[in-house]
Every structure is written in C-alpha cells, then in structure tokens.
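All chains should be built: construct the whole structure from the sequences, respecting the hints.
Chains as they are written, first to last, in this note's numbering: chain A, 34 to 538; chain B, 1093 to 1602.
These are calculated hints, taken from the structure and not from any lab test.
Model, not experiment: these values are computed from the prediction.
By construction, the Cβ of each residue, glycine as well, lies at the ideal position given by its N, Cα and C atoms.
Some clues are possibly wrong.
What follows is a list of derived Cβ distance ranges for each label pair [claimed, not checked]:
| hint | chain 1 | residue 1 | chain 2 | residue 2 | range |
| --- | --- | --- | --- | --- | --- |
| 1 | A | 114 | B | 1511 | 12 to 22 Å |
| 2 | A | 92 | B | 1463 | 49 to 59 Å |
| 3 | A | 244 | B | 1385 | 31 to 41 Å |
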Amino acid sequence: MNTWLLSILILSPLLGVLVLLFTPSQDEKSIKWIGILGTLFPLGTALVTLSAFNKSGEGLQLAEKFQWVSYEVFQSNGDVSYPIFYEVGVNGLSMVLILLTTVVSVLAAIASYSIKKDWKSYFILFFLLEMGMIGVFASQNLFLFFIFFEITLIPMFFLIGRWGYLEKEKAAYSFLIYNGVGSAILLIAFVAMFMKTGTMNFEQLAYTFSLPQSELSDMNITKDFKMGMLIALLLAFAVKLPVAPLHSWMVKVHVQAPPPIVMLHSGILLKIGAYGLIVFGAGLFPDQFESLAFIIGLFGLINLLYGAFLALTQRDMKRVLAYSSVSHMGIVLIGLAALNEAGMTGAVFQVVSHGLISALLFFLVGVLYERGGSSQLKDFGGVAKRMPIFAGVLLAGGLASLGLPGMSGFISEFMAFLGLFETMPVLAAIGTLGLILTAVYVLRAVLAITFGTEKELSNAHDLSSTERIPAFILLAAILFIGIYPAWLSDMLRPTLDSILLGLGG
Amino acid sequence: MDLDTLLSFRWSVMLPEFIILGVATLLSVIDLFMKKESSRKPLAWLAGAGILAALIAIFMQLDIEVTSILYDTYRLDSFSKAFKILLLLGTLLVIVLSSNYKKEDLEENRGEFYYLLLAALLGAMMMASSADLITLFVGLELLSLSSYVMAGLERRNKRSNESAFKYIVSGGIATAITLFGMSYIFGLTGETNLFKIAENMGNLELLEHSFLIVFAFIITFAGLTFKIAAAPLHMWAPDVYEGAPVPVTAFLSVVSKTAGFVILLRVIIICFIAAPGIDKEPILLQVQPYVMVLAAATMIIGNVTALRQRNIKRMFAYSSIAQAGYILVPFVSNSSLIFELIWFYLLAYLFMNIGAFTVIQLLTSQEGSNDIGVFRGLFRRSPWLAVPMTFFILSLAGIPITAGFIGKFGIFMGALGLEQPQYWLASVMMATTLVSYVYYFNIIAIMFFRDSDGTKVSIPGGMAAVLAFCAASVLILGVMPDLALDFFYGNFDVNEFFMQIETEVHTHDH
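Printed below as a string of structure tokens:
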C-alpha cells in the first residue's frame, strides 16, 4: 500500500471526476455534494500519507520510480539513451504543501456553493486543478513537475474564463499568456539541463551541479551555463510568484476569478512559484544563488513596498488583497535572500501562512460580494452590526495578515527579517517600512468595512453555517501555527537543513 | 532488361503499393459502370478496405531486412516502412471524412475523388521508398497532379477552382525549382541514384566546386519545402486550404505534408551526408544557419499570421505552416534523433490535425460558413464535439498529457542536445508557441465561454469513430508515448536508412 500511496494521492481527485461524469448535469445539489466529498477523499489520502511520513526522516520518502519515456540516440560513439522516469516522493516541505493544498481545496469546494452555473464542468475542472497542484509538489523530476505545472494552467484558464466576473475572458487570457511565458522559459531550461546531464531527477541534478568544476567541464557545463539556468529559473518562477513588475496578470485574476478559485490560486498556485525558487533556485544552484542574493533581496524589498503602497491606494477590497499578496510574496524573497536558517524558515513559513491567510480573506471577500453585489470599499460600512461573526473573522484575518503576534503571519515575517538583518541589515531596515505600511492598509480596509456608518446591503445576514466551516477552520489553522510553530518547523527542518547545507550556511 | 532480370526482383517488396494500385484501378473501372445517380459510398468502403489491406501488408513486412529492387531505385527499409504507416493511416482517416462530406455539387464527382486520393497516396508511398531521383520525382508528381485535381473537385465553387489554379501554378514553379536543383546534383555527380550521389559527393575533385554543392543544396531544399508549406514557399497553403473541400484540405495538411518531409529527408540527408561545403567543412553543418532561418521564419510567419484569421480553414492553414516550422527544427540536429522526432511529431500531428478537421467539416457543413463563429457555444450544443476538439487544440498548442507536447518536447531535446545547443532556435519555437496559444485558445474560448443559439450538431457514425480514435490516440500518446517510441525502436533501425545495398543482380546486363 505504502509504495503506491503517493500516486493514489495524486490521482485521488480523479475519483470525483469519475463520479461526476455519471451525474446528471442539472442536479445542482448532488453535484455540489460530490464536489465537497470529492475533495475530502484527497484530504483523507493526504492524512494517511502524513501518518506514513516520518517527520524527522531525512531526504525523500514514499518514493516511487519507474521508466516512462525513452529516447535513444544513435551516435558514432555508441547509443545514448535519455530515459525519462516517473518519479514522485515527498520531503517535509512538499508534504506540508500537499497538506495545505488538500485542506484549502476542501474549503474552496465548500465555498463553491456560490457558483451559479454549469456546476458539473466546474467541479470536473476543479478536481483536475487539484490533481495538478498535488502533482507539482509530489514530483521529483523536471519532466513530471512541468507536466503538472501545465495541468494547473488549463483548468485555471477555463475556471477564470467561464465562471469569473465581468472581464473574465481578459483575465483568463492574461493568466494564460503570462504563465505561458513562465513555463516556456521553464521548459527551455529544463530540457537544456536534461540534455547536459542526462537526468531529470532533482537529487541527481543537485548532485551533478555540485561536482567540482573540473568534472563539470567534461560534461560541457560551464559556470556561465549554471548562471544562465538559474536566471532562467528565477525568471520563470518570478512570473508565477509574482515578482513586480510581472504581477499585473495576478491582480486581474484575483479581481475577476470566482472566489473559491481565487482561494486556490492565491493560497496554493502562487506558492508554486515560491516552491520552485526554493527547490530549483536554491536547491540546484546554491553557489550562483548566493551571488544573486542581493538582487533577490532587492526585488523582495521592491515587492514588499510596492505591493503595500498600491494596496494602500486601492478602492476595491479584492485589489487591496491582490496587492497585499504581491507585498507578502516579497517577504518570501527577502527570507530566501538572507541565505541563513532563520531567513529560509521565515520564507517557508510565509508560504504556508500566506496560503491560509489569503484563502481566508478571499473567502470573506466572496461572502461580501454575495451580500452586497460589490467589493468596493465605499459600498460597505458598519458591517459589524448586522454581521458580527463575519466582522470578527475578517478582523482576525486582517490582523493575521499584518503579522500580529500569536498568529502565523507574525512568525514568518519575524523570522524572515531576523534572517535578513543578519546578512543585509540595510535592506532589512528599509523593509520594516513595509511592515508598517501593511498594518496601515490592512486596518484601513478592514475597518472601513466593519465599522463606520452603516451602509444598506441588499442581502445582509451573518455567516451561514456552511460559510462558517471554511472560515473557522482557516482561522484555527492560522492560530495553530501562530501559537505552536514547532509542529511546522519540525516537519520542515530536514528539508531546510539540506538546502542550507548546499548554501554553505 | 530481359524477362529473367525482371522476374529476379523480389516484387513482394512492393506489395502495399500493388494493393493500392490495384484498388485504384478497380475503383476507376467500377465508377465507369456505375449509374450516375447511385451513391458512391461503396467506393469509399472499397478504398478504405484497400488501404487497410496495404497497412496489414506493411505490418507483415516489418521483419523483412533491407531489400531493394530495380537496381536499387526502390527500397524497403525501416524508414520507408515507418513513414508509409503514417501515410496509409492518414489517408484511411481522410477516406472516412470524405465519405461523409456532403455538398450538392460534389455528388457527381465523388467517384473520381477516391481513386485520385489513392493515386496521390501511391505517389507518396513511392516517395517513401525511392532511392533514385527519377523515381522520387515521379512519385512527387503523381502526388502533386492528383492533389491539383482534388483541390478543384467542387467544380461550381469559385473558391475551389481558384484554389486548384493557384495550387497548380505555384506547384509548377516549385517543381521547376526542385528540378533545377536536382539538375545541379546530377551535373556534379553524374548519378541519379541517391547512394551513388552520396559516394560521388565525397569525391576529391568536387572540393573545387563546393560552392556549387551549396548552391545545389539550397535550391533543392527550397523546392522540396513547397510540399510541407514552409517559408518562403508557403503562400499557396492558405488559399488552397480555404478553397478545397475539407477532406482534401485534411489530406494536404497531413498526408501530403508527411510525404514532403519524407522526400526532404531522403534527398537531403542521403545526398549531402558526406558532401563537403565551402572550405571542406561538411555541408550539413555549414547550411545549418540557412535551415534554422527557414524554420524560424516558417514558425513566425505561420503563427503570427494565424492570429488575424477569422476563416477557420485559413487559420488551420497557417497553423499547419507553423507546425511545419516546428518539424523543420530537427533537421538542424545531426544526430539520428531526427528520424524518431520527425516520425513521432508527424504521428501526433496526424491525429490532432485530422481530428480537428473532422470537427471543422461537421461544423462548416452544418452551418454553411467557414467563419470561426461556427464554434460558438459548441460546448453547450454538442459537448461530445467540443471536448475532443479541445484535446486536439491543446495538442496542437503543445500542452502536456497530449501527444503534441511529447512531440514538441522531443524537438526541444533535439535542438538543445547538440554540441552547440541552439538556444535561440528553441526560444523562437517557444515564443511562437506562445503566440499560437492566442488563436488556439480563442477557439476554445468561443466553444466554451460564448453562448449560442445554434443547434445541436449531428455526428454520423463514421465521423464519431474518427473523432474517438483521434482523441484517444492524442491522449494515449500523450500519457504513454513509449507505446509509439517502443514500436519505433523495436521495428525500425534507422541505420538502414544509410545502408547501401550491393545489387547482386546482373548489373552487367544493361
């Protein structure tokens, strides 16, 4: 059983697709139930995987490997084959992200009660998207990673373009083209690495690239090649993360996509960018990564401040949150640039924490939109009177977002800055400005909605029992990590240690 | 040549060709005696059965070693077998399409269509097996002439007439260019047999005329790229594709293009493999920039022009130009990877393009329009048409878990696995692929995101079978490409391509 566990986990969302194919498309209620149950199955499988996962174990666990595609090249000096394997496995980092994916997926499926049409195709695409996301984190070679990476792209295109708001098609195209550019660069880099080294496996690649230069020269791998590859990878994942100035697509998606999909996108898909930076950037080319650390830190700072400034000036709650995501992803970059344990831990914590917080906040905006038919700040006020629970959760989410101690946001920001102060104190000092700005824009937006003069809402009632489930679970998770971060850091330590070892920290 | 010599050849080598020839002759005779009003559908069945028989014959030939007959002008080697399978499979699917093609004024011409199609197929198969410039050229012309007539088959349709006329004029020019190039090859080496040409190309005396060799290469290459619709000889494709009946368009874009690649590989690789270029460098290395520029230009022109098309057939014409550009990329890599890459991509291309044309034929004939709007709201109207079409388009765009992705991935491997990786060519390919997303996904957007007042599309059984077969193949080859690759490696040995056969028949006789 254990040997196939990960493959079952990756394919588990397909069970929902299978059931849906035999469900009449007009039966809204059962489709939505299947939608929720269909995401519970991957969650259950993920929990089984977690129990089989040895938390303190190093390296890859639950690995599976078999040959998949084989190209043979007949050359004058003998045949060379380029086998491509199906390789999956998990380490602490990917285990955490898979868990995050399955949890947020369940909650997004619950939040999908707000979807008004074509439920059947909606959930089929939803499940395919979930499969892609789990696959991305479980793959252990470039080929598989790329395939799952692209699999997330196509359902997203449909989900945005069909079920989104007014300018959905534009947003879908923008998403497709920007991410297409990212994956184009990614593919060229992956194939180039494959052809030089003959392997696509992460660990083997990391080993090969860590060989002394004299041996690498035999394989025609120069220092410039390594640097070029790293820059290509950074560029590709910078689109995904997104790093300013490549963020415009992401704002469009966050404004136009349906709320449950934004929960997934902001909660998980953006994190693929961060995951890629950690695994491919720092993991494969530690030396080159070190030499680029200042630039990465600088971009992190720009993201942090630029996102925060823009979030401060937005009139639409969705846009505030979108720019806040840009700003928060800056903290990931800052943590990575620190190149030390504190920074790395902060970056990874930020990935998980922001996944939960942004999922919560976007869920709440979805609720808000449903109540008032708008997400403009000016249309809301004094919500706390009519919807006290909603207002309370929103305030809590906002506080988590600005990094209040005792919540997950605090740990990650604290660690990231702690790391950066050690290595680049000037950048870090400027960066703290961003933290202040964050507090300002979060409170400005949240307070404008919850307090002040009460505005008439077309459909004002507090969180229903269905809506309470995602809201409370996400809030509980945010608090749990904030109060007991050791659980998370224990899971992540072996992975982070091995990356830090490569970085020479 | 006396009777003994004639009988001494292993004619069984040509079994598939004989089957096609026989069926084509039979069809033309039957057609003559059939009443004018009676349906020509039985002819389609017969033609299909003939192609199936030829396919079986090829599969039975898989174990046969390299053989050549007629003084090494006609070869049965792995290369010819591998590509003949593609040609036959493609034509078989086109036959199904054409038997379901409904147009009032085409009815009376129906019979001709099937044996012309078989004649064109025969030409293409001859090209795959020939090892002599003369037989290659005869095969090429047989394919071309039959195609010219097929393009103009809708006699009362102005567009169809225009298409045939443009095709024949530009085709004639391309033929002239090809012949001009071949005349140089013959003049330099004094031979028409490809292997003898290759031998003589290595001749030391020729070193002084290396400029002429390069010239011969460029002219021949340019002429031969006409069939694959690569730049700069691509102009005919949009007009011809637009005017011709859909099954003919499908044939031209898949089978005829495959044949074009076959002849390119045969002539270019064998003739010039040992030829010196200027300064004694191998010519194939020296002309790399030329081939690369052609490939890049084809990809750019095809993809960028496709963006502006509203006519679905024209859009697919430009799309197929772009695809030809992708398949030209492996020509740059000098490894043996070239054969499997091109073969696999053409196989994938066969399924995705014929599948797409099946949908296009169903929609355009029902709506009576070639505008891209025929796809409007297709997902609502006929999900069983929209979903396979989505697979084909994703595959054409090179999205994972489709055959098109594996094909493109392989081409990337070929381009980046060289001694000097061709980063810029790979980048051009990737960038133009991105451009192609815009028009490919536009079709998807129209199918899924727009609502329509249109009616359900009825799908005849044969068309449904083609759709299911193509969609399943696109997906299966995307998930398990080894099915095709193992078949290729297991049955075909690309080294045979270069193997010259010592003709032990009495060469002194003539």
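Hints and how they fare:
For the pair residue 114 of chain A and residue 1511 of chain B, the supplied restraint of 12 to 22 Å holds, since their beta-carbon distance comes to about 18 Å. For the hinted restraint 49 to 59 Å between residue 92 of chain A and residue 1463 of chain B, the CB-CB distance of approximately 58 Å keeps it satisfied. Remark: the range hint 31 to 41 Å for residue 244 of chain A to residue 1385 of chain B is upheld by a beta-carbon distance near 37 Å.
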